[in-house]
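K.L.:
If you're matching them up, the sequences are chains A and B in order. Take the first sequence: its position 235, counted from the start at 1, is 1125 in our numbering, and no numbers get skipped. Take the second sequence: its position 129, counted from the start at 1, is 1019 in our numbering, and no numbers get skipped.
These aren't lab readings, by the way, just hints derived from the structure by calculation. Treat the hints with care, as some may be off.
Treat identical chains as interchangeable: a pair holds within one or across any two.
Said to hold, decoys possible - Okay, derived cross-link-like pairs now, SDA-like style, lysine to any residue, Cα gap no bigger than 25 Å in a straight line: (1) Lys1042 to Tyr1054; (2) Lys918 to Thr1130; (3) Lys1042 to Asp1092; (4) Lys1042 to Ile921; (5) Lys1067 to Gln938; (6) Lys1059 to Gly893; (7) Lys1042 to Pro1077; (8) Lys1042 to Arg994; (9) Lys1067 to Thr939; (10) Lys1042 to Arg1073; (11) Lys1129 to Glu947; (12) Lys1042 to Leu1071; (13) Lys1067 to Gln1098; (14) Lys1042 to Ala1119; (15) Lys1129 to Ile964; (16) Lys918 to Arg940.
Number of protein chains: 2
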Amino acid sequence: MSGQLFVIGTGPGNPDQMTPEALGAVSKATIFFGYGPYLDRLNLRADQTRQTSDNREELDRAGAALRAASEGAIVCVVSGGDPGVFAMAAAVCEAIDNGPDEWRAVDLVILPGITAMLAVAARVGAPLGHDFCAISLSDNLKPWATIERRLKAAAEGGFVIALYNPISKARPWQLGKAFELLREHLPDATPVIFGRAAGRLDERIALQPLSAANAATADMATCVIIGSAETRVIAREGKTDIVYTPRFSVEGTGD
Amino acid sequence: MSGQLFVIGTGPGNPDQMTPEALGAVSKATIFFGYGPYLDRLNLRADQTRQTSDNREELDRAGAALRAASEGAIVCVVSGGDPGVFAMAAAVCEAIDNGPDEWRAVDLVILPGITAMLAVAARVGAPLGHDFCAISLSDNLKPWATIERRLKAAAEGGFVIALYNPISKARPWQLGKAFELLREHLPDATPVIFGRAAGRLDERIALQPLSAANAATADMATCVIIGSAETRVIAREGKTDIVYTPRFSVEGTGD
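So that you can see chain A by itself, here it is in the shape it has in the complex (with noise of 0.2 Å):
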C-alpha cells in the first residue's frame, strides 16, 4: 500500500508568502522531512512528527521520506523557496530513479512555492522583468569552471543573473571570483542586489554597483542578483532606490 509524498516549499520564510495548497499539503500529512528551520516555520500539530536533518543530506532525506510513503504514510518534505529550483524536487526526483521500484509507485504530488530571487526581486523593482538565469554557486555539485562558462555566457547573452548558495564558511571565495569575472563582461555601474530574508522582519537588502560589489555582503541565507547592461536605477528622494530591467531591449526595435 502506497501512501502520498507532499514536496513543497514555505517560500522565503514570510508566512503570509505561503499558498494555501501549500499550507493545505502541511495540514494532511503526518511525517515532515526538511532542514530544521524549514521546519520550523510550520506550526505543526502535537499528532505530527519531525524528521529533521543537516541541509547537506539531500539525497538520504529523499530516500527516507520516500520510503515513508512507499510504506503507507501521507509525508510532506519542506524546502524553503519554491521546492523546484535548488531544492528538494530535484533530490527526491533523483532518489526515485535510483531507487526501488515500489517508489516510482508513489502518488507524488509537487507543490510550487515563491523562490527566493522573486522575493527579492519585489522588495527593489522588476531586476528580472527581462530575460534571466539563475545559477546555484556551489561547486559542490559541478566543478568550478561549469559555473564560470554560465556566468561568461549568461553576461555576454544579456541575461540578468540571480545566484544561489553564493557563500558558505566551506566556499568563501567563490562570490568574489564570480564578480571579478562579470566585470570583464559588465559596465561598472551594472546593478547588484543582495537579498535576504526578503518580506520577513529580519529583512537586509543591499545595492552596489558591480566595480564596488563586495562579497563578504552576501552569507548563505542570501540571494544575488546580477543587473545586465540595460538594468537602470531610479533615485526616489526620501526613498530606497527602484532597480528595474525594462522589458524591451536597447538593440530594440523601437516598439
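Once you've looked at the hints, dock chain B against the given chain A.
P.N.:
This is chain B only, laid out in the frame that chain A set:
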C-alpha cells in the same frame, strides 16, 4: 497626497496558489488595473472598480495606475503569475522612470507570485532543478537576432530553458524556429514540456522529445520548458513520466 500602488500576481490561475499577502492587497485596494482575464480571477467587492485593458497596453495601464495612486487612491495592478517576470512590475517601473516627479513619491509595493515556469515544473517533477534561464520569445520588444543569440548561449551553457510568450497569432513561427535552432545544440531526446494552465482544472501538460517537438502544441498561455543535455525522464507504470534535472552535473566531481 499620495496613495499606494500594489503590483501583484495571481499565480497561474489556481486560487490556492495565490499568496495571502497578495490577497491582502486585493482586499485593501479600491481601483484595479489589468488584463480582463486576470481581474476575473479576483472576487472583487461592489465598492471596488475595474479598469480593464488589452494585454498589450502595459505602459499606458501603468501610467493610469500611477496617476490614480499619486492622486491618493489605493490602487492594485494585477498580473498573472509573478508580476516581476515578463509582467507589469517592469512596466510600472518604466513609467516611473519616464514619468513626472510625483510618481516617484507613490508608495510602491510589489508582491511576488507563483510564476508559470515554477507551476509547470512542479507538475512534471523538477526540470528546473539545476541552472536555468527564462526567455520571452516575443520579438515585439527586442529583435529576433537577440533572442536567437540568447537561445544559443543558454543551450551551449547547459541551462534548462523556460520560454514565456512562445507563440501568438501575430508571432506564429518563432517557437518552431527556436526548436530548430536548439536542435543544433541539444540531443534529440532532450525533453520539451508544454505547460498550460498548470494547477487549474483545464490544465494541459505535454511532453515531447526535442527532435519531434511540435510548436502547434503551444498557445499564448503556454510555458515551454526545454531541458538541458542532463535532464532525465523517469517512466512510471500507470502514472505520468517524471522529468527532472539532477542537482549535480555529469561533468561533475561525483560528490
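K.L.:
Evaluate each hint against the coordinates.
P.N.:
Evaluation of the provided hints:
In this assembly of identical chains, Lys1042 and Tyr1054 lie within 25 Å of each other by CA distance both inside one copy and across copies; the values are 16 Å within and 23 Å between. In the homo-oligomer, the alpha carbons of Lys918 and Thr1130 lie at most 25 Å apart only across protomers (23 Å), although the nearest pairing inside one protomer, at 42 Å, exceeds that limit. Taking the closest pair of Cα atoms, Lys1042 and Asp1092 never come within 25 Å of each other, the shortest separation being 33 Å inside a single copy and 40 Å across copies. In this assembly of identical chains, the alpha carbons of Lys1042 and Ile921 never lie at most 25 Å apart, being 43 Å within a copy and 44 Å across copies at closest.
In the homo-oligomer, the alpha carbons of Lys1067 and Gln938 never lie at most 25 Å apart, since the shortest distance is 44 Å inside one protomer and 51 Å across protomers. Taking the shortest Cα distances, Lys1059 and Gly893 never come within 25 Å of each other, neither inside one copy (38 Å) nor across copies (45 Å). Proximity of Lys1042 to Pro1077 under the C-alpha cut-off of 25 Å is found in both arrangements, the shortest distances being 14 Å within a copy and 23 Å between copies. Taking the shortest alpha-carbon separations for Lys1042 and Arg994, neither the intra-copy value of 38 Å nor the inter-copy value of 35 Å comes in at or below 25 Å.
In this assembly of identical chains, the alpha carbons of Lys1067 and Thr939 never lie at most 25 Å apart, being 42 Å within a copy and 51 Å across copies at closest. For the homomeric pair Lys1042 and Arg1073, the shortest alpha-carbon distances inside one copy (10 Å) and between copies (22 Å) are both at most 25 Å. Taking CA atoms no more than 25 Å apart as the test, Lys1129 paired with Glu947 passes in neither setting, with 42 Å inside one copy and 28 Å between copies. In this assembly of identical chains, the alpha carbons of Lys1042 and Leu1071 lie at most 25 Å apart whether taken from the same copy (7 Å) or from different copies (21 Å).
When the C-alpha separation of Lys1067 and Gln1098 is checked against a cutoff of 25 Å, the pair qualifies only within one copy, where the shortest distance is 16 Å, while the shortest distance between copies is 39 Å. For the identical chains of this complex, Lys1042 and Ala1119 are neighbours both inside a copy (14 Å) and across copies (19 Å), given an alpha-carbon limit of 25 Å. With identical chains, the CA atoms of Lys1129 and Ile964 are at most 25 Å apart between copies only, with a shortest distance of 18 Å across copies and 47 Å within one. In this assembly of identical chains, Lys918 and Arg940 lie within 25 Å of each other by CA distance solely inside one copy; the values are 14 Å within and 37 Å between copies.
Checked against the numbered hints listed earlier, the structure breaks hints 3, 4, 5, 6, 8, 9, 11; every other hint is satisfied.
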